[in-house]
Amino acid sequence: MELSAILLQVLNGLDKGSAYALIALGLTLIFGTLGVVNFAHGALFMIGAFCSVTLQRLLSISTVTLDETKTDFLGNPAKITTPYVETWFGPEVGSAIIDWSVPLAILFAIPIMLFIGFAMERGLIKHFYKRPHADQILVTFGLAIVLQEVIKYFFGANQIPAPAPDAFIGSFDFGELIGMGAGTLMYPYWRIVYFLFALIIIAAVFCFLQFTTFGMVVRAGMADRETVGLLGINIDKRFTIMFGIAAAVAGLAGVMYTPINPPNYTIGMDFLVISFVVVVVGGMGSLGGAVLAGFILGILESFASMRQVIELIPGINQVVIYLAAIVILLARPRGLLGRKGVMES
Amino acid sequence: MAAALEVRGVNKRFGGLQALDDVNLTVEEGRIHAIIGPNGAGKSTLLNCFVGRLKPDSGTVMFHGQSLLGILPYQVNQAGVSRVFQTPEIFGDLTVLENVMIPALAHRDGIFEMNAMKPLRRETDIRKEAVDVLEDIGLQDKLDMTASSMSRGDKRRLEMAMGLVQKPKLLLLDEPTAGMSRADTNNTIEVLKHISDTRSITMIIIEHDMHVVFTLADRISVLAQGHVIVEDEPENIKGNIKVQEAYLGGAH
Amino acid sequence: MFGLSRGDAVLWLFVLLLVLAAPILLNPFPESSALAQFNAGYPDLMQRFLIFGIFAVGFNILFGLTGYLSFGHAAFLGAGSYAGVWMLKLLTINVLPAIIISTLVAGLFSLLIGYISLRRSGIYFSILTLAFAQMSFALAASVLTPITGGETGLQTALNDPRIFDAANTTGNIPAPSLFGMTMGDSHQVAVGDWLWTFNVGYYLCAFVMMIAFYIAIRIFRSPFGMMLKAIKSNNERLSYTGINPRPYTLAAFVISGMYAGLAGGLMVAMDPLAGAERMQWTASGEVVLMTILGGVGTLIGPVFGAGLIKYFENIFSKINESLLQTWFSFLPDGVSDFVVTVIYPFVGKGWHLTLGLVFMLVVIFLPGGLVGGINGLYKRIFNKSNQAN
Ligand SMILES: Nc1ncnc2c1ncn2[C@@H]1O[C@H](COP(=O)(O)OP(=O)(O)OP(=O)(O)O)[C@@H](O)[C@H]1O
Ligand SMILES: [Mg+2]
Chain S
289 MELSAILLQV
299 LNGLDKGSAY
309 ALIALGLTLI
319 FGTLGVVNFA
329 HGALFMIGAF
339 CSVTLQRLLS
349 ISTVTLDETK
359 TDFLGNPAKI
369 TTPYVETWFG
379 PEVGSAIIDW
389 SVPLAILFAI
399 PIMLFIGFAM
409 ERGLIKHFYK
419 RPHADQILVT
429 FGLAIVLQEV
439 IKYFFGANQI
449 PAPAPDAFIG
459 SFDFGELIGM
469 GAGTLMYPYW
479 RIVYFLFALI
489 IIAAVFCFLQ
499 FTTFGMVVRA
509 GMADRETVGL
519 LGINIDKRFT
529 IMFGIAAAVA
539 GLAGVMYTPI
549 NPPNYTIGMD
559 FLVISFVVVV
569 VGGMGSLGGA
579 VLAGFILGIL
589 ESFASMRQVI
599 ELIPGINQVV
609 IYLAAIVILL
619 ARPRGLLGRK
629 GVMES
Chain X
30 MAAALEVRGV
40 NKRFGGLQAL
50 DDVNLTVEEG
60 RIHAIIGPNG
70 AGKSTLLNCF
80 VGRLKPDSGT
90 VMFHGQSLLG
100 ILPYQVNQAG
110 VSRVFQTPEI
120 FGDLTVLENV
130 MIPALAHRDG
140 IFEMNAMKPL
150 RRETDIRKEA
160 VDVLEDIGLQ
170 DKLDMTASSM
180 SRGDKRRLEM
190 AMGLVQKPKL
200 LLLDEPTAGM
210 SRADTNNTIE
220 VLKHISDTRS
230 ITMIIIEHDM
240 HVVFTLADRI
250 SVLAQGHVIV
260 EDEPENIKGN
270 IKVQEAYLGG
280 AH
Chain B
474 MFGLSRGDAV
484 LWLFVLLLVL
494 AAPILLNPFP
504 ESSALAQFNA
514 GYPDLMQRFL
524 IFGIFAVGFN
534 ILFGLTGYLS
544 FGHAAFLGAG
554 SYAGVWMLKL
564 LTINVLPAII
574 ISTLVAGLFS
584 LLIGYISLRR
594 SGIYFSILTL
604 AFAQMSFALA
614 ASVLTPITGG
624 ETGLQTALND
634 PRIFDAANTT
644 GNIPAPSLFG
654 MTMGDSHQVA
664 VGDWLWTFNV
674 GYYLCAFVMM
684 IAFYIAIRIF
694 RSPFGMMLKA
704 IKSNNERLSY
714 TGINPRPYTL
724 AAFVISGMYA
734 GLAGGLMVAM
744 DPLAGAERMQ
754 WTASGEVVLM
764 TILGGVGTLI
774 GPVFGAGLIK
784 YFENIFSKIN
794 ESLLQTWFSF
804 LPDGVSDFVV
814 TVIYPFVGKG
824 WHLTLGLVFM
834 LVVIFLPGGL
844 VGGINGLYKR
854 IFNKSNQAN
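Protein chains in written order, with the numbering used here: chain S, 289 to 633; chain X, 30 to 281; chain B, 474 to 862.
Calculated directly from the structure, the hints in this document are not laboratory data. For every residue, glycine included, the Cβ atom is placed at its ideal position computed from N, Cα and C. Worth double-checking, as some hints may not be accurate.
Label pairs and their computed distance ranges (CB to CB) [unchecked claim]:
no.: 1; chain 1: S; residue 1: H415; chain 2: B; residue 2: I847; range: 17 to 23 Å
no.: 2; chain 1: S; residue 1: N446; chain 2: B; residue 2: Q661; range: 50 to 56 Å
no.: 3; chain 1: X; residue 1: S177; chain 2: B; residue 2: E504; range: 50 to 56 Å
no.: 4; chain 1: B; residue 1: Q798; chain 2: S; residue 2: V615; range: 55 to 61 Å
no.: 5; chain 1: S; residue 1: S348; chain 2: B; residue 2: T625; range: 39 to 45 Å
A partial selection of chain B residues facing chain S, derived with a Cβ cut-off under 8 Å [said to hold, decoys possible]:
no.: 6; residue: I596
no.: 7; residue: Y597
no.: 8; residue: A604
no.: 9; residue: L631
no.: 10; residue: W754
no.: 11; residue: L762
Kindly generate the complete structure, drawing on both the sequences and the hints.
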């Protein structure tokens, strides 16, 4: 197998791995801080993706004018649609704004996701801290279905494209960069963006937890909630904020994923199951484990989809994540970086 | 008299802490042997080494000539060693009667029995054994109560019943009267004394309540910082300077 | 009676009565009334009530008693289905061998998966079972196509060997039957405006379900069942009590796997077709939801949970806009339009929305599921009146 082919698979695995890692990170934050198994987390990813779609649609709202000088093939005056943003900001800036709607959706999505996160935690999750995990699973699963159906009601069941800005269309030639010859290792620009974006978010979350007082208290709370509560620190309020942050992380992962995979209402569920596997393989409650497992499984998955590998072991591309999960869990009882006694009974 | 339990040179470290330091202990058959010592002396850790919860770093633990090290907790129990834990360990969702029937069944049927089609109601013998023990211990009015809803003292008594119903050769009791009222403590003393007299069960009892210790114990070991500093008859322990130092030292 | 206590015998007889009379009870609305849409008394749906009831009752033996939450039980239902279709193809169109072999094959399969998965507990166990089931699903849909029929699924064909049946290579593909009684045969009785359908297949399901339910009661009330409850309550204590919990959990796992296989076998006995999607995680999730919705650890809860979810899936999904309009046509125009607009998102293609809301409402307001919740309410009212006395 050629080196360039192997490198390509690593690169291919990175963007899916990034998505897994971001979702798993949020899941672990919620589990670690609140002790809640959140089956609605995939739905948050999906809502993020639809923030992209919504913003793109909002920006494209247009006025229609008739241009008498041109006619369409029926002889009627041609309709000219001009998006409001172009009317407001001028055609150049306006079309650039529309072109950049996906990255702009980050700004649009953050307040929305934070709000949804706060509302979810205060309105529903809060009441389930002391309930059995089975109840948490059922209620958040019910919520996931509801969110999914609401999105389906407004956006339909089909995938809706939300493309990347024109500047990022096309591929970067890694082959030329590392001297293996032009065209041997082409990698789409947007996927590079996605990977870097994921790294930034992950780094931001870790720094936030590591270097702020807020993060320190939360980490202490993750380790031993009761003691921190005894110190008279209002841990609940911080945990609410953590839930909002986890929701925002999942949402942003969804926002930026739309150019890679046009979203439809089921995208959240598709990611949820694998993200759970990722969280557990990483070790329940371990943030680093979640990120590590996300990338490992993402890369493994893309390796297993190589033609040569499939010819060698038929069907491996379908099962590799699960196979890896089984092997890892049997070899390491608590996943890659898990702690003893978390969620074992 | 033959030794029921022979402990030789047991060491256990937790990181930087030497929890057990060359512990030697001989418990004679049919006797009640008390282990006392300040908090954190390593008493519970020692019992953990007997029942397969912890594996000592070195040393031997022989029970009637059979090593208790390297075997699983249920094998230790099947060999005739029952344990009552320091914090009550019961089946909280089950009734008091069921809590006692489970160890009784384990004693009769062994580690596994595929009796999925046999009605529990028909286990009249097991039920009677359980009820008898619960009567001895004074819980006969609470047979159908859910175990988790009992008081702490009652939970301890329930756990003692769970141990006694197995007619163990060796019963390990970790602070059996902690959290009990004076009356319940006296009742517990009575029960243990009665059982020791009639059934000649060997017992190891860890206690902070000196009244209990001196009423029951035939022999006492004092553990401090993981080491047995004195082992003697009860009357000799009372005035022992080393023991007082150990307790005072432990209070700092 | 048959080793059941009086209370359990009453429960069993009550369920028997419900099941026998279901073709009548589930068709309460006259055929010509607008509400006939809500009738569930047709064979296809009633069979599914019972089949999923069996699946959930078995699942509850594992999850309800031991607390081990498997996310992969659909794999056993799927394995049972495949085994069943193969028996119908190879041996005979008589469903009896198919049902028996389905159960056994699923039992063996669950022994293998359970043996490995039970090396871990808690969520780690759940993910192991999920992983095994997803692998089974993926392999059944792709690499194992010669055995499973791949994405089209496995079905009976005219030129199947059927070595125990008389040669038959002309005419129609034979329909599954039990000693000559065809599963699809029905006897219809019309009383006034009501139409009742008594179906052979349904009563076979009923017979099997009542046996399965009986066995479940016996397991719940046995020393074995008590050990399983003890595992859920305090697994570690059990081993200090002289019990090895592992074989108990494995036995429970295999028993519940066999129930799943039995359900799969009955499914193909009713409709000789098996597809890979039966093994998918959504199917495993469904049985979890049925059990929790009905009441984890209760005897009858899972049956209700299964019935409720299947009822929603079939009845709510069929309500369309024009049907809604006819129902509310008695209202003034504007009002009826408004009502239809409000209700429409919750039915038809949107029935999932209602299902999601029901899940949430049940968990929020009835912890312990329908049966647990009703018991709780009953006790609360009962205790209050006691205090008042
Ligand atoms: N599993 C463990 N890991 C680390 N340290 C432990 C562990 N178990 C016990 N220790 C430590 O070992 C020491 C002895 O503990 P142990 O519970 O045996 O004391 P004890 O004599 O039973 O005290 P008490 O009277 O309070 O019950 C303590 O300092 C305790 O913190
Ligand atoms: Mg102790």
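Looking back at the numbered hints, which does the structure fail to meet, lowest number first?
2 and 9
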